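Engineer: So you can see what is in the structure, the chains are spelled out below.
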Amino acid sequence: MAFPEFFAAFAWIASHRWLYPALEVVHIVGIALLLGSLVLVELRLLGFGSALPMAALGRFGLRLSVAGFCTAAASGAFLFLSQAEELVSNRPFLVKVGLLLVAGANAWWFHRRGGLDRVDAIARSQTLLSLGLWLAIIICGRWIAYY
Amino acid sequence: MMLMKRRHFLVASAATASAPFAWAHHGWSSFDQKRPIYLEGVARKVAWRNPHAEFDLEVGSDLALPADLTKRQLPSQSAAVDGAWLLSNAVLPTRKDKVWHIELAPLTRLEAWKATEVRNGDRVGILGFTFLEEKGEPVLRGEYLFSGNRTYGLRSSPA
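As you go down the protein sequences, you meet chains A and B in turn.
End of the first sequence = 320 in this note's numbering, gap-free, step of one.
End of the second sequence = 1056 in this note's numbering, gap-free, step of one.
Calculated from the structure, these hints are not laboratory results.
Bear in mind the structure is a predicted one, so any value in this text is a computation, not a measurement.
To list a few chain A residues with every Cβ distance to chain B over 12 Å, as calculated:
{"hint": "1", "residue": "F176"}
{"hint": "2", "residue": "A224"}
{"hint": "3", "residue": "G231"}
{"hint": "4", "residue": "C243"}
{"hint": "5", "residue": "G277"}
{"hint": "6", "residue": "N279"}
{"hint": "7", "residue": "R285"}
{"hint": "8", "residue": "T300"}
Here are the simulated distance ranges between beta carbons:
{"hint": "9", "chain 1": "A", "residue 1": "W282", "chain 2": "B", "residue 2": "F1028", "range": "39 to 47 Å"}
{"hint": "10", "chain 1": "A", "residue 1": "A182", "chain 2": "B", "residue 2": "W982", "range": "39 to 47 Å"}
{"hint": "11", "chain 1": "B", "residue 1": "N986", "chain 2": "A", "residue 2": "W282", "range": "54 to 62 Å"}
Just so it is clear, CB atoms sit at the ideal spot from N, CA and C, and this is done for glycine as well.
Take the sequences, apply the hints, and build the full model.
Structural biologist: As structure tokens, then:
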């Protein structure tokens, strides 16, 4: 199957009366779950809220973050497929995808070098980078509609 | 004199406050809502979909304001839109693009108006807004759609 036909097979998503707004709702819930829990863990890593136990908070919080990411990614995939041809030429969308890859690589590196058990200067820098990346991803996502 | 000034201020404040209504997809704020533009032509590449229906409008070189425009009856809707003011202040665009991109409303709102789907080749009129000083792409955000002897409000659902 050629690419235009593959994408055309998903165009009905946008033609459906409430499916598109419903996907937008799921996408926002996913973002809220991901960022809400991630910001809590990351602030703890940076030294705030030190009364909270790092290991327990980190494990529970990051599990929620992964659940939020999966929710946002799944809904986002369908939102993308509903108008893929426009989006592949939308610069904020392409920047957003690039930033998602960087955020993923940053998270992978953080956990590979010890994760929550090795909170040193590099880990804190990665945490700050992560916060900035996710904020930029949200800005790019919202900017798609204005480009 | 003081009274005059105060009244002007109140009118201006009310106009400013009612301007930035929310849109399901992106805001109205980048569009010049003090300069309603009328376009008429043939719809092409109609995409009747979310987050808003849209199409290309082929505008003829003989584009003119319809003689009856200011007398047209506009349906009432839930948002406070001053339809009479829009009709009496409507102008033609100064730029001479042959094709304009028209943005309508989300599908749920069009369904609330029981709008008949615009088809490729349909002749429609549209009153709406473009960017400040007609900068950028020829994009018109529809405020009212005149299609098949009916008029639809696009900013909100019917009252």
